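Participant: One-letter residues, chain by chain:
Number of protein chains: 6
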Amino acid sequence: MEIKIVSVSVPQGSNVVIGQTHFIKSAEDLYEVMATHAQGAEFGIAFSEASGPCLIRREGNCDELEKAAADACMAIGAGHIFVLIMRKAYPISVLNAIKVVQEVCNVFCATANPLGVVVAEADGRRGVLGVIDGDAPKGVESDADRESRKAFLRKIGYKR
Amino acid sequence: MEIKIVSVSVPQGSNVVIGQTHFIKSAEDLYEVMATHAQGAEFGIAFSEASGPCLIRREGNCDELEKAAADACMAIGAGHIFVLIMRKAYPISVLNAIKVVQEVCNVFCATANPLGVVVAEADGRRGVLGVIDGDAPKGVESDADRESRKAFLRKIGYKR
Amino acid sequence: MEIKIVSVSVPQGSNVVIGQTHFIKSAEDLYEVMATHAQGAEFGIAFSEASGPCLIRREGNCDELEKAAADACMAIGAGHIFVLIMRKAYPISVLNAIKVVQEVCNVFCATANPLGVVVAEADGRRGVLGVIDGDAPKGVESDADRESRKAFLRKIGYKR
Amino acid sequence: MEIKIVSVSVPQGSNVVIGQTHFIKSAEDLYEVMATHAQGAEFGIAFSEASGPCLIRREGNCDELEKAAADACMAIGAGHIFVLIMRKAYPISVLNAIKVVQEVCNVFCATANPLGVVVAEADGRRGVLGVIDGDAPKGVESDADRESRKAFLRKIGYKR
Amino acid sequence: MEIKIVSVSVPQGSNVVIGQTHFIKSAEDLYEVMATHAQGAEFGIAFSEASGPCLIRREGNCDELEKAAADACMAIGAGHIFVLIMRKAYPISVLNAIKVVQEVCNVFCATANPLGVVVAEADGRRGVLGVIDGDAPKGVESDADRESRKAFLRKIGYKR
Amino acid sequence: MEIKIVSVSVPQGSNVVIGQTHFIKSAEDLYEVMATHAQGAEFGIAFSEASGPCLIRREGNCDELEKAAADACMAIGAGHIFVLIMRKAYPISVLNAIKVVQEVCNVFCATANPLGVVVAEADGRRGVLGVIDGDAPKGVESDADRESRKAFLRKIGYKR
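Protein chains in written order, with our numbering: chain A, 33 to 192; chain B, 33 to 192; chain C, 33 to 192; chain D, 33 to 192; chain E, 33 to 192; chain F, 33 to 192.
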């Protein structure tokens with residue numbers, strides 16, 4: 033067995049959500065979540081079928097992002113993984129809807145950061161172990177940092 | 033620390049769901065989810081208590097599957113893991129109910145594929161890192177593949 | 033790439049929940065979940081911002097637990113992780129509320145056991161792969177063990 | 033304004049779920065919930081479109097139940113109502129899945145009892161106010177009744 | 033048909049939650065939600081069985097509140113209703129857990145206010161139409177009222 | 033007791049969601065749901081406090097819609113009701129997020145139709161019994177109508 037890091041880079045200004053599901057139906061279901069919960073968004077979805085034809089299944093409303101999702105999913109190379117890339121929308125708007133899709137097992141990450149996906153490989157088959165999502169923490173926030181953080185969230189309107 | 037792959041094979045025609053929970057109560061709660069959400073199913077559940085007597089706790093309505101779940105859970109050997117094996121039912125029917133069981137932390141997989149569970153072992157204690165669920169993807173679906181996929185889901189009645 | 037185990041020890045009598053989220057807002061949102069769902073609890077929350085200032089963001093109603101959470105989060109050193117330590121409350125009371133926080137991707141564990149967090153490190157950046165939560169299972173419960181287990185859950189009132 | 037009771041009777045051995053939704057898409061979405069969560073069930077679904085052509089939209093996998101649902105929905109005569117009738121399945125297996133359908137506002141009842149739907153009518157338009165679901169209570173259970181109740185639920189396997 | 037108001041008064045310092053469910057199992061399930069999500073709370077639960085023996089089913093950890101719940105449920109007199117009365121806990125801590133109980137259809141109210149339950153009665157059978165929960169609004173808040181409201185929620189710690 | 037219909041009309045192009053909650057905190061929580069789940073939307077929220085000062089509490093990012101929500105809430109005149117009016121967003125995108133707000137009891141409707149809210153009034157206090165949401169159904173769809181419906185949902189991209 034070998035453990036490797038697969039770099040996932042997404043088009044400028046987009047976010048990526050990666051998770052584990054259990055059936056081919058999740059490609060369409062994730063499409064419908066995006067279509068109804070993230071109006072105005074551009075997105076692409078890929079799912080790695082893990083038996084039979086073993087194809088990367090793909091959906092989306094934007095060819096560029098659909099191709100980026102399929103490429104990332106192929107590079108990760110693990111079975112039953114989905115990769116969702118979105119633009120003009122943020123994961124915070126759709127993550128709860130994704131988590132209750134009936135085939136979704138879990139979500140590894142939702143991020144716009146540089147991303148490394150840690151995979152285990154054995155006998156030509158792979159599984160995702162986890163993700164390296166952005167940079168390491170540099171220190172603990174001070175009370176002043178806390179105030180800035182709270183002010184920022186209120187400025188963008190996410191907190192009241 | 034050592035990283036190993038534990039092969040999990042389930043009885044013909046069955047599916048397995050593996051996850052992390054936080055309390056012994058999850059054995060009974062998962063039983064009740066299966067009893068009420070997958071009527072007519074046969075199933076076995078195992079949970080690895082991780083303190084005190086450290087027993088594999090087990091529930092189910094089918095001795096064979098209960099034993100298979102306990103064996104798989106013992107082979108994985110990590111604390112606070114559950115293994116659920118079902119027959120005459122599919123994970124798609126129960127996965128959302130499992131995800132909202134109050135002790136469930138996450139679900140690693142739900143699959144009928146050959147399965148390798150990747151574990152880290154140190155000082156005789158283990159944790160699950162991820163799963164190798166079925167085969168690697170071989171390529172990206174064509175437009176014709178997409179139509180076949182959609183037709184298949186409509187033929188089995190899962191999509192309208 | 034290197035794989036390491038980070039030991040997380042929490043103050044006597046407390047439980048820890050560790051998960052992956054996707055945005056700085058989760059610090060306040062997890063605070064509100066604890067304040068409204070675990071009345072009377074003491075708790076501390078830390079979140080590792082993974083871009084820009086890369087600070088450990090912190091919230092809580094108890095300085096000791098807030099510091100313990102920040103220390104554990106810094107020791108884990110991965111991006112977009114949260115650590116929640118609680119006392120006078122149990123994860124079973126709040127875990128479902130945590131799972132539906134809109135930025136939470138997944139929950140690695142909820143435990144009072146000795147805990148090892150398995151991390152992958154590359155180029156000074158880290159990701160959580162999984163957890164070693166308590167001790168390994170020692171055997172499968174007998175029918176008598178099962179009865180004791182069920183009696184215990186009814187004695188503490190969790191099952192009826 | 034007038035307040036009336038509409039009697040809803042369902043085919044022998046079936047259960048009915050009635051609720052309020054907000055969009056025509058709910059007909060297909062409820063179909064998919066039944067198809068994936070109640071395998072082996074027969075069912076019919078009706079939804080009362082409340083603008084434009086104002087048609088009773090219908091889905092299902094059983095003509096008899098689809099017609100029964102459409103008839104009940106037409107008799108109720110309120111806008112944005114759904115009626116779901118199922119056989120060889122029980123509401124307990126699908127109710128949580130129905131509640132998270134993205135267009136569902138609320139669920140008035142899920143029952144096999146004789147049912148009266150209370151509607152308000154004004155200017156030819158109607159709304160559901162509530163349901164009369166089965167018979168009135170006759171008294172409070174004794175301790176012995178409680179034991180019988182608990183034993184019954186364990187005998188049918190719903191509680192452990 | 034007659035429409036009546038049933039006054040529900042609860043013991044000093046307690047809150048009441050009233051809803052519609054579809055099966056006798058909900059009595060135990062609501063008990064387990066309270067036992068695990070509202071630690072330290074006193075509570076009583078009643079459920080009005082609507083077929084067969086038509087008994088008020090009751091659960092709880094406090095005789096006074098169990099009796100109060102049964103009395104209120106009997107006074108309401110509708111089928112498939114639950115009444116939950118709690119003390120030393122607030123509905124905000126348990127309402128989401130109640131909403132996902134698998135037999136719960138909907139929740140009419142959660143309140144400490146004087147409460148009138150509006151019921152329709154026909155042929156000796158009743159249904160709940162709605163609730164009159166507390167006093168009517170007297171006016172719209174000013175900007176100063178808004179600031180006081182926000183300050184209050186932060187003072188009690190519910191908002192950050 | 034008197035039963036009345038309160039007409040609710042919303043500004044051109046907007047939708048309204050009305051529900052029952054149990055605490056003043058819901059005004060801010062609903063604001064945060066809209067801010068994070070319906071990016072780009074304009075909205076106003078009103079909540080009718082039912083004890084103490086009994087004020088219509090209001091939030092929003094658009095004065096016109098905040099005023100419209102407060103006016104509708106005042107006209108309905110029942111305690112513990114919320115009214116949410118949105119523009120440039122549809123309820124389908126936010127309804128599940130609203131249903132899991134921790135103080136929300138239920139949702140009466142989500143609609144752009146002409147709306148009548150049926151209220152019971154006694155001793156100057158009111159409760160919502162239900163809604164008359166749009167027009168009455170005129171007939172059952174034919175097979176051709178069904179095909180048009182399905183085609184329409186696929187044309188707007190909501191179904192795949």
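Where hints are given, some of them may not hold.
If chains are identical, the list can't say which one is meant, so a pair holds when it fits in one copy or spans any two.
[What the hints assert, rightly or not] DSSO-like cross-link-like pairs, simulated, lysine-lysine; straight-line CA separation at most 27 angstroms:
#, residue 1, residue 2
1, Lys120, Lys187
2, Lys120, Lys36
3, Lys170, Lys120
4, Lys187, Lys36
5, Lys182, Lys36
6, Lys187, Lys170
7, Lys131, Lys99
8, Lys187, Lys99
Hints were generated in silico from the structure; no laboratory data involved.
From a predicted model like this one, the values you see are computed outputs, not experimental measurements.
Participant: Please go over all the hints and tell whether each is borne out by the structure.
Facilitator: Against the structure, the hints:
Taking identical chains as interchangeable, the C-alpha atoms of Lys120 and Lys187 lie at most 27 angstroms apart whether they share a chain (19 angstroms) or sit on different chains (21 angstroms). Taking identical chains as interchangeable, the C-alpha atoms of Lys120 and Lys36 are never at most 27 angstroms apart, the minima being 31 angstroms within one chain and 37 angstroms between chains. Proximity of Lys170 and Lys120 under a CA criterion of 27 angstroms is satisfied in neither setting, with 30 angstroms inside one chain copy and 31 angstroms between copies. Taking CA atoms no more than 27 angstroms apart as the test, Lys187 paired with Lys36 passes in neither setting, with 40 angstroms inside one copy and 39 angstroms between copies.
For the homomeric pair Lys182 and Lys36, neither the shortest alpha-carbon distance inside one copy (38 angstroms) nor that between copies (34 angstroms) is at most 27 angstroms. Within a single copy, Lys187 and Lys170 get their C-alpha atoms as close as 25 angstroms, which meets the 27 angstroms cut-off; across copies the closest is 32 angstroms, which misses it. Only within a single protomer do Lys131 and Lys99 lie at most 27 angstroms apart by alpha-carbon distance; the minimum there is 23 angstroms, versus 31 angstroms between protomers. Proximity of Lys187 to Lys99 under the C-alpha cut-off of 27 angstroms is restricted to the inter-copy arrangement: shortest distance 22 angstroms between copies versus 35 angstroms within a copy.
In summary, the numbered hints that this structure violates are 2, 3, 4 and 5.
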